[in-house]
Amino acid sequence: MTCRIPRLSLRRCLAGLLIALVVAGAPALAAAPAQDLDAFAARAMKTFGTPGMAVTIVDGQTVTTHGYGVRKLGEAARVDAHTIFPIGSNTKAFTAAALAILVDQGKLHWDDRVVDKLPGFRMYDAYASAEMTVTDLLVHRSGLGLGEGDLMMFPTSDRTRAELVHDIRYLKPVRSFRGGYDYDNVLYIVAGQLVEAVSGQRWEDFVQQHILDPLQMRDTQTSIDARTADQAALHGRNTTPVRGVGPQRVLTTVMTGSVFAAAGALQVSAADMGPWLRLQLDGGRRSDAGPIFSAAAAKMLWTPQTLIPISPLPAEVALAQPQFNAYALGFEVQDYRGHRIITHLGGVLGGYSAVVIIPERHAAFAVMLNAEDPATLLAMREHLLDSLLGLPSPDWIAGYGRMFEGLNAGATAALKAAGSDASSRGAPSLPLSAYAGVYRDPWYGTATLRQDANGALTISFDRSPGLHGALEHVRHDTFRTHWAMPDVEDAYVSFALKPDGSIAQMTMQAVSPIADFSWDYQDLRFVPVAAGK
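Per mature numbering (1 follows the signal peptide of the UniProt record, and there is no 0), the sequence shown runs over residues -30 to -1, 1 to 503.
FYI, nobody ran anything at the bench for these hints, they're computed from the structure. Treat each hint with caution, since some may be false.
Derived DSSO-like pairs (lysine-lysine); straight-line CA-CA distance at most 27 angstroms [what the hints assert, rightly or not]:
(1) K77 <-> K269
(2) K386 <-> K87
(3) K87 <-> K77
(4) K386 <-> K142
(5) K87 <-> K142
(6) K42 <-> K16
FRET-style restraints, in silico, Cβ to Cβ [claimed, not checked]:
(7) R256 <-> A167: 38 to 48 angstroms
(8) D128 <-> E45: 24 to 34 angstroms
(9) E45 <-> G149: 46 to 56 angstroms
(10) D422 <-> K386: 45 to 55 angstroms
(11) P435 <-> D86: 16 to 26 angstroms
(12) D252 <-> A9: 41 to 51 angstroms
(13) G30 <-> V497: 52 to 62 angstroms
(14) S399 <-> Y97: 39 to 49 angstroms
(15) P329 <-> V497: 49 to 59 angstroms
(16) P329 <-> P412: 42 to 52 angstroms
(17) A288 <-> A259: 42 to 52 angstroms
(18) Q291 <-> G471: 19 to 29 angstroms
(19) A426 <-> Q293: 52 to 62 angstroms
Glycine residues also receive a C-beta, built at the ideal position from the N, C-alpha and C atoms.
Start from the sequences, fold in the hints, and give me the full structure.
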């Protein structure tokens, strides 16, 4: 999967991509001598075609920043310490910190029930509605499926946050409440609304006043829509047949809107990442002023809450295999080659990030890219970990390059095979006009199918401005979207019929076998809306 985290964590996000990999039979790589960071970064970016990257390293009391490449392909402006990048789900740690501040102020407790603080909040399940706590919002054990509900806001939406929080009650869980780990974004939006309900300030204003301003993070933008002169452009690759394959290009579609802010909207520079990482390493304290949050809150942010299942990594990168992984509050806690690390990945359309904290070394770093290049991100992450821990380092560039090459080749072959069987392309059961109409899903809202002037079917996601396109017949009662909006994953659209031949429901599934989980088409269950309703 490409990781878009809201995508948002990548974004996922990107960790989910690695769990899903099945690449067998490749030999492990021999260890290579440690390389100078600048030389390693240049080789990684050249190998994978990454336009720009920023790195922040905190080692003890020393903070260094590094800018590599260009802000935008085809332009001369270079990435520097003040170039801002979207960090996707690395925003989640800021939301958790905001709640920690409210706990320190005595306005919240981690075990408070959400329904008591946020009237109108409700889950699909009555027990989860009544018992979900502030902690539960942050640790991905709600019972919702992986990325479920992301299409409420991804890649854009006309919903308000209040509408999204209300509509979460229509998301059917895939497992019992607190029954296991499934990464979600929607409950972090609830957490942002909880910040507003308790503090009286919008999430953006609270984070600005209580975190960004005290840390003098002057470059950071709390809105994904913010446009500044120091902003990195976002880049992706051709989408045929598999997203993430082909030449790099500037994206024309980017995530917009404020609804998902608390889950993944921050844009941060390398310079600003320094004080944020220092704050984490110093347990919420600032060297020149009072604490942002207490030592007790800092400990809570790093306390494991939900175990994350571990699947074997391919041989090429097996040295990075964790033996333990758990989600805390806005962070994952895992081991890397026998050392405890606090980490998270993030992503939006066109940009990825990674944050890593190494408590035993009192060191931390962040890597931010202006492209969807997971091999660059992960190779840099592992190289920096090895350097800071003084470990012999394999050639991570070669390892991740081979891993993703195998992944993309497998996905390309699967897509070609799926489209090669022309013998089974039965005709639609109904005339195309019979498929036209308005369809409603309980949590998403409506999608409208029409016939254009040439009689062809089109589809529009009515709560996602700009998300519309043509429907191409595939076989029987299944069609394929061709979205007019670039950089959007296509989906199969299938119709089930009633005994009388009328349409019972419309379901969807991403075309690509490695589509990011935020394209949660499979969670939609559209039914026709009767005329006049």
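(request) Quick one: which hint numbers does this structure break? Sort them smallest to largest. (result) 2, 4, 7, 10, 11, 12, 18
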